[in-house]
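Below are the chains, spelled out letter by letter.
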Amino acid sequence: MSESESRLRELLLRGLAGERQAYHQFLRELSVFLRAYLRGRLARLPGEVEDLVQETLLAIHNQRHTYDVSQPLTAWVHAIARYKMVDMLRRHAVREALHEPLDEESAIFASADHEAGDARRDVLQLLARLPDSQRLPIQYMKLEGRSVVEIATLTKMSESAVKVAVHRGLKKLALLIRDAS
Amino acid sequence: MKTDDLIGLLARGAFAVEAGGVRRRYAMALGWGVSGTLLLMLFWLGVRPDMARAVLLPMFWVKLGFLATLLAGALVAALRLSRPGVPMGRVALAVVAPVLAMWLLAAFTLLGAASGERAALLLGMSWSVCPFYIAALSMPAFIAALWAMRGLAPTRPVLAGAASGLLSGAIGALAYSLYCPEMAAPFIGIWYLLGMMIPVVLGGVLGRRLLRW
Chain A
806 MSESESRLRE LLLRGLAGER QAYHQFLREL SVFLRAYLRG RLARLPGEVE DLVQETLLAI
866 HNQRHTYDVS QPLTAWVHAI ARYKMVDMLR RHAVREALHE PLDEESAIFA SADHEAGDAR
926 RDVLQLLARL PDSQRLPIQY MKLEGRSVVE IATLTKMSES AVKVAVHRGL KKLALLIRDA
986 S
Chain B
329 MKTDDLIGLL ARGAFAVEAG GVRRRYAMAL GWGVSGTLLL MLFWLGVRPD MARAVLLPMF
389 WVKLGFLATL LAGALVAALR LSRPGVPMGR VALAVVAPVL AMWLLAAFTL LGAASGERAA
449 LLLGMSWSVC PFYIAALSMP AFIAALWAMR GLAPTRPVLA GAASGLLSGA IGALAYSLYC
509 PEMAAPFIGI WYLLGMMIPV VLGGVLGRRL LRW
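In order, the protein sequence lines correspond to chains A and B.
Take the position in the first sequence, starting the count at 1, then add 805; the result is the number in the working numbering.
Take the position in the second sequence, starting the count at 1, then add 328; the result is the number in the working numbering.
Any given hint might turn out to be false.
Stated by the list, open to error - When the alpha-carbon atoms are kept at most 25 Å apart in a straight line, the in silico DSS-like pairs for lysine-lysine are as follows:
1. A:Lys961 - A:Lys977
2. A:Lys961 - A:Lys976
3. A:Lys976 - B:Lys330
4. A:Lys961 - B:Lys330
Said to hold, decoys possible - Rough simulated footprint, nothing fancy, chain B against chain A, three-plus residues with beta-carbon under 8 Å:
5. 824 to 835
6. 857 to 864
7. 883 to 892
Said to hold, decoys possible - Here are some of the chain B residues that sit facing chain A, going by a computed Cβ distance under 8 Å:
8. Ile335
9. Ala481
10. Ile518
The set of hints was computed from the structure by calculation and includes no laboratory data.
Backbone N, C-alpha and C fix where the C-beta goes; we use that ideal spot for every residue, glycine too.
Please model the complete structure; the sequences and the hints are all you need to start from.
Written as structure tokens, this is what we have:
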């Protein structure tokens, strides 16, 4: 557990410093733990697991500025995953679906699950519902891999406005995902 | 969309994140909130005319200290609630302790007073308007505090809204205490507290809706 904690933490800190490779690796390794954690707790709702993995990953990405370096990563990730899970359960008004009533923080990195199931909801379709000013920068940057400078020229926005639009767009996307399920 | 594709999408546009974002956000919110509340107080009510004499009285500083301690406790609570997975620690004690201290002081004041003076100590001259003024003055700070919290990730939205309300309530009460001539501990322990409870309840109610993410 503590090995995963220190490894993932290092990857995240490098990612927060702007290293994309490290951040990519962080999200990939984290998704494996998240999947196992959620699958273990949503035994009665197996169809929800992959959607919730994606929702939690998006939340972690959107809220990465709230991670405090002095805080254990385990506690931060667990609180987000749990918040998203409880929110989903509340939405579905499913009672007593929690596998274990007493839930330990340390359980988050305890087991791994590499087999991604199928997400039922298509994030790309939801992306289409964002306003152009937010959708286009996300599409250019994240799907077509263009740089901020290129997008700024394409959309006639300033570079910082592009970054803000991407950030706001992804937050909006998280709300759309939440309300769609 | 496959999870791996989503991860690729998120990683491709991950810019460097500056450290200390939460603190900067709160510093900005406090700056705007305190300025807004103070300006509202100055233009609407003004500073009490006997301020020069008031600052010589110990009770003036007890009142200010009480409110400043509450403000500090509420700020710590809000900062902790704004981040996922941060334990609350003894922050509840830091919020309750100044209230208990004020009530203790109020009890001694009432016990030491002649029976005919007790009503005046409890009601002062402005009990009916005090909570309303405090709640109204706290509104600029209330908006700023909720704005700060909304950009962060509270996993307990009701509590996070209530803490934002207490933070702004304490700011409103501090501003009001520069105008309000009431100095009796029983008055402060009841009516000031009631005034601060209005944004607390409002924050809790709004938090459930506004602070979800």
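* **Violations among the numbered hints** => Failing hints, ascending: 4 and 10.
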